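K.L.:
As given, the protein sequences belong to chains A and B, one line each in that order.
Quick note: the first sequence uses the numbering used here, first residue 1, plus one each step.
Quick note: the second sequence uses the numbering used here, first residue 1, plus one each step.
These aren't lab readings, by the way, just hints derived from the structure by calculation.
Because the structure is a prediction, the values reported are computed rather than measured.
Negatives, chain A to chain B, calculated, CB over 10 Å: (1) Q179; (2) R203; (3) Q209; (4) R214.
Below, computed lysine-lysine pairings styled on DSS-like, alpha-carbon distance capped at 27 Å: (5) A/K164 to A/K88; (6) B/K70 to A/K180; (7) A/K164 to A/K44; (8) B/K41 to A/K180; (9) A/K88 to A/K44; (10) B/K47 to B/K70.
Don't be surprised by glycine CBs; every beta carbon is placed ideally from N, CA and C.
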Amino acid sequence: MSALLTQIRQLLPPIVSQTSWDQAADEDRFEGYIFALVLQAARKEGPIVRFENRNGPFTGIATFRTAPGHLWSDIHPYTHAVTEFANKPLLEAHVGVYVSGRSRLYHEADVAVLSRAVARTCRADRTDPPHSEAVLLLECKYYAAGPGVGLGREFLGLSAECGKDQCVFVTNQRAPRSQKLFEEHDREWGHQILPGQNNDVDRLVGFAQRAFTRYRAR
Amino acid sequence: MTPDEIRASYAELADALTSSGLGWIVEQVEQNVHAGRAVEKPTRIFKEEEREEEPAPFLGEQHGARRAGKPTAMITLEPWSDSDQLLFLIDGVRQAIIHAADIENEQLRLLRTVAGVESVSFEPDGEPADREPLRLTGNHDERIQTLGRLLGDLEREVRS
Chain A
1 MSALLTQIRQ LLPPIVSQTS WDQAADEDRF EGYIFALVLQ AARKEGPIVR
51 FENRNGPFTG IATFRTAPGH LWSDIHPYTH AVTEFANKPL LEAHVGVYVS
101 GRSRLYHEAD VAVLSRAVAR TCRADRTDPP HSEAVLLLEC KYYAAGPGVG
151 LGREFLGLSA ECGKDQCVFV TNQRAPRSQK LFEEHDREWG HQILPGQNND
201 VDRLVGFAQR AFTRYRAR
Chain B
1 MTPDEIRASY AELADALTSS GLGWIVEQVE QNVHAGRAVE KPTRIFKEEE
51 REEEPAPFLG EQHGARRAGK PTAMITLEPW SDSDQLLFLI DGVRQAIIHA
101 ADIENEQLRL LRTVAGVESV SFEPDGEPAD REPLRLTGNH DERIQTLGRL
151 LGDLEREVRS
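Make the full structure from the sequences, and use the hints.
P.N.:
Right, dumping it as structure tokens:
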């Protein structure tokens, strides 16, 4: 027993020194993973998907924000995906951008899919996209221990502001109390979203896929 | 494991994490533990007492003989057991490192199916930058696999 803990204690420092294992870094990893799952859902619906940078063509390094910022920001060559569905206006997928809600207040969308025409307008005019132009808005929470139900309450507010049909709360944890809250209030959620949790991951990808299907059918 | 061994193991693992700069995992687990475990408790609401013409002055809550009324399920918070707390801490390390490494690798694998992604970089937007950029190129460190195996062994001992 104690030998096990001794081995764990010896392993931790070299692992920790290798790269960032803090809450913010884990949240970044998670947002990038959810972004990739959304693109996977889009590709199941058949579009061409490609990457672009804020300031030009994609160069092989996908650059995302560490925290939500303005879609128009050009501090770094932030990367977004462009999806081309046949006979439909283009869409863009972004990581960590502000979106304005019904009340015209800013909200943070960890992953957002929205009209490319609107995104281009935002870049040109340095404005933030309205929620009404979003096809998908994902709130991503990565926690070492169960996220408090307060996060669920915050998501209720976000989805009331930005439209409950396109908003989804995504976490790596089981979060049974949040599940009850979301079921009671008819909100979409994806819990235990981790590689290897195939049922939960497929369910989230399916939700995103349905959002793209609805978009194609408009 | 005996209750004393479980408590000692929690303290030892928490100390190992904190001294390695992973105290945030311990803090999150302790917040979760502090919030308690919400359980439904079947109970009966007190039946309302009959009103008197001139009520006696209030002298604090007095629990007289209970006249059971309508049955209902109410929510109460119960403390987590010591073994649950240790299991949370083990899972916290797994989430923070093992699963996070899996997520990094899966993210890169999925993005590479879309375009030639060499790496993923997370950069702060705005000033002042309160943290360093994060560069992801994939993580296949064998020590992380070993840590995962050791955590699994520890979890089995707690559950045995």
